[in-house]
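**Student:** So you can see what is in the structure, the chains are spelled out below.
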Amino acid sequence: MTALIVATGLLVVVAGLLVGSKPLGLSKVLSVLVSPDGKIESILVWTLRLPRSLSALVAGAGLAVSGYLLQALTRNPLAGPDITGVASGAVAPIVFCFVFLPWISSVYHPFVGLAGGLTAASVTLWISRGGRGRPLHLALGGISVSLFLGAITTYVLLLSGPQTPSLLFWLSGGFQGRSWPQLLYMTPWVAVAVVGAFACQRVIGMLALSEHASIGMGLNMNLWKPILLVLAIMPVAGVAPVAGPVAFVGLVSPHIARLLKPQSTLWSIALTTAIGALMVVTADVIARSIALPRELPVGIITALLGGPFFVYLVQTQSFSLKGGH
Amino acid sequence: MTMSAPVQRPSLIAPLFALLALMVLVFLAAVFLGVADLPATDVAAVMAGHGSDQAKSIILDIRLPRIVTGILAGIHFAVAGLLLQTITRNPLADPSIMGISQGATLAVTIFLLFAVYIYDPGSNTLAVLPVAWLPAIGTVGGIMAGGIIYLLAFRLDLGPLRITLCGIAIGAVLHAAAIGLIAGWGSARIEILLEWLSGSLYARSWNHVLFLLPFTVAGLAVLPILRRSIDLLRFDPPVARSFGLSYRKQLSVVLLLSCALAASAVGAVGPIIFVGLVVPHLARFLAGKRFALVLPFTVALGAFIVTLGDLLGRLLGQTEEIPIGVITAVFGVPVLIALLRKIP
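Residue numbers (my numbering), protein chains in the order written: chain A, 1 to 325; chain B, 1001 to 1344.
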């Protein structure tokens, strides 16, 4: 199943190479891919479309893993980078740095985002008592934290003046003009989280049973909870400076993966990652081809895809809202 | 909100009276203080019916309509929050959490973008923007968002919990769509939208007051009639029905009322977050066991907090005033966090 999704994802990447304001034929793209020749088609493919699609792939994978880890950690189906406030926690300080501290190199923005995301997540988790209460509690706490940070971000944008339009495009999530440097810069953050999730799969599997059971099996909660939280926030912090917050991917991907009934924790991590990547690549291709020559932010497309799915999820009766205990 | 019950009930009049006195005080402060340094004697002269033309225009055309708009909007948000919290049985319901504000935002965004294209695609000036239409458009958008939630709630027969979650999801989708549209198509008009988005009372005129007033009067007039059904909607549907309440009909009426109140306020002043959330809790805290006082307190505190917030925003920011939405967010969050921790 994962292989199928990865294959579909790669197909979408290839399809993404074909479409754009200057459509290219399949044979042309293939020949340029094999032997780049510095002509306009080659530049289109190698420096514009390919890195962009790959960035979308990596970003989607990162956000999905983040959602998976947050949901496993809090044992709460509503956890995700958006609803726990992690995304806005990462975004608000980055916007602040853009506007007021422009001398901070963008290399450090993921660290700023990481600190912000961690703070926001800690506040939300503190409010909802580690997410162990009712799921709604976590959602309401996270939404309130997001609303608060959103108000601050809007105010900073108001003060920023001429930079506002570019910041706004970034804020709604987008991959316009992202090339190899951005891809390279984002990948380690996502890679660490994905590898870390695979490495921790035994712990995650135990957490899925219940907190007491995992303590009974000798799991040191005080050690593993913070580790998993940092792992969950790292990809968001890495992706946010490049692509902005891409809505709903982290929340919805783990649920789609669960619908496919993976056999083990390992497979559900793999499936979630693949689904997230596929979702964002597809959304990116749609975003840049649906309203040519204009470009829509990816965030709109993922919200329009993910939002209705989430509403559907909420009203299915199997969706447990009773909380972890 | 765990306050030990007083041994003997203090009179109902005292707290209400204190609140009224405080309101008058803030109102006067809002009239007398401002960026333009008018001497107190000038202000007093204008209030008495004479005074220089300049002072008159500052007080009567700038400060007063702004304060009155704020008072009305505050009442709207607070009452809408109280109603939503009652009918969804969720202590944290609020127009911004239930997606109503986001619906208004999206409608205003779409309207501004398209109005600009229809009017004159090349112009960058603010004068041609049909700003006067914004309140009405925002109201329609907010009511539509409320309608979507209403349809979902009834078609699928969702409980209060799932209604809230659907509200959150719909709010997020609408918000993403609005921000996306601004980023994709907006240009020089972004600033108006941003200002509106952060909730501002800047440059509100008597027109805004006239727009809000019918909603306020109608809403407050209907409330006493609906009091019994609002009290009963607190319970589970079977319980409420056993009291002889036609649950669906009354729920729809109350939901519509809160949508109309919230949406008209969002349309006029933008989403002022946390007022609808925090004020009903403060009112309940102050009212204690005297349930009849919750509603009057909600109304009074809504007006009071928005006026105070706006005054703070004007004074702290001086010429670059801080939007009231930011002020209410900053001061609302500690209250909110305390509240959330108290809920089991």
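What the hints contain is simulated information worked out from the structure, not anything from laboratory work. Note that the coordinates shown come from a computational prediction; the quantities given were computed from them, not determined experimentally. Among the hints, a few may not be true.
[Stated by the list, open to error] In silico contact screen, one side only, chain B against chain A (beta carbon under 7 Å); selected entries:
| no. | residue |
| --- | --- |
| 1 | 1023 |
| 2 | 1168 |
| 3 | 1182 |
| 4 | 1183 |
[As the list claims (entries may be wrong)] Ranges between beta-carbon positions, derived for each pair:
| no. | chain 1 | residue 1 | chain 2 | residue 2 | range |
| --- | --- | --- | --- | --- | --- |
| 5 | A | 23 | B | 1316 | 30 to 40 Å |
| 6 | A | 111 | B | 1147 | 52 to 62 Å |
| 7 | A | 202 | B | 1338 | 34 to 44 Å |
| 8 | B | 1320 | A | 291 | 27 to 37 Å |
| 9 | A | 177 | B | 1133 | 47 to 57 Å |
| 10 | B | 1338 | A | 210 | 23 to 33 Å |
| 11 | B | 1244 | A | 223 | 53 to 63 Å |
| 12 | B | 1214 | A | 267 | 54 to 64 Å |
| 13 | B | 1236 | A | 267 | 33 to 43 Å |
| 14 | B | 1147 | A | 258 | 25 to 35 Å |
[Unchecked claim] Computed footprint of chain B on chain A; a stretch qualifies when at least three of its residues, placed anywhere within it, have a C-beta under 8 Å from a C-beta of chain B:
| no. | segment |
| --- | --- |
| 15 | 75-85 |
| 16 | 147-156 |
We put the beta carbon where it would ideally sit given N, CA and C, even for glycine.
**Student:** Hint by hint, note whether the structure agrees.
**Tutor:** Okay, the hints, checked on the actual structure:
no. : hint                         : verdict
1   : 1023                         : violated, 25 Å
2   : 1168                         : holds, 6 Å
3   : 1182                         : holds, 6 Å
4   : 1183                         : holds, 4 Å
5   : 23(A) - 1316(B): 30 to 40 Å  : violated, 54 Å
6   : 111(A) - 1147(B): 52 to 62 Å : violated, 44 Å
7   : 202(A) - 1338(B): 34 to 44 Å : holds, 39 Å
8   : 1320(B) - 291(A): 27 to 37 Å : holds, 36 Å
9   : 177(A) - 1133(B): 47 to 57 Å : violated, 35 Å
10  : 1338(B) - 210(A): 23 to 33 Å : holds, 30 Å
11  : 1244(B) - 223(A): 53 to 63 Å : holds, 58 Å
12  : 1214(B) - 267(A): 54 to 64 Å : holds, 60 Å
13  : 1236(B) - 267(A): 33 to 43 Å : holds, 41 Å
14  : 1147(B) - 258(A): 25 to 35 Å : holds, 32 Å
15  : 75-85                        : holds (count 3)
16  : 147-156                      : holds (count 6)
When held up to the earlier numbered hints, the structure conflicts with 1, 5, 6 and 9 and fits the remainder.
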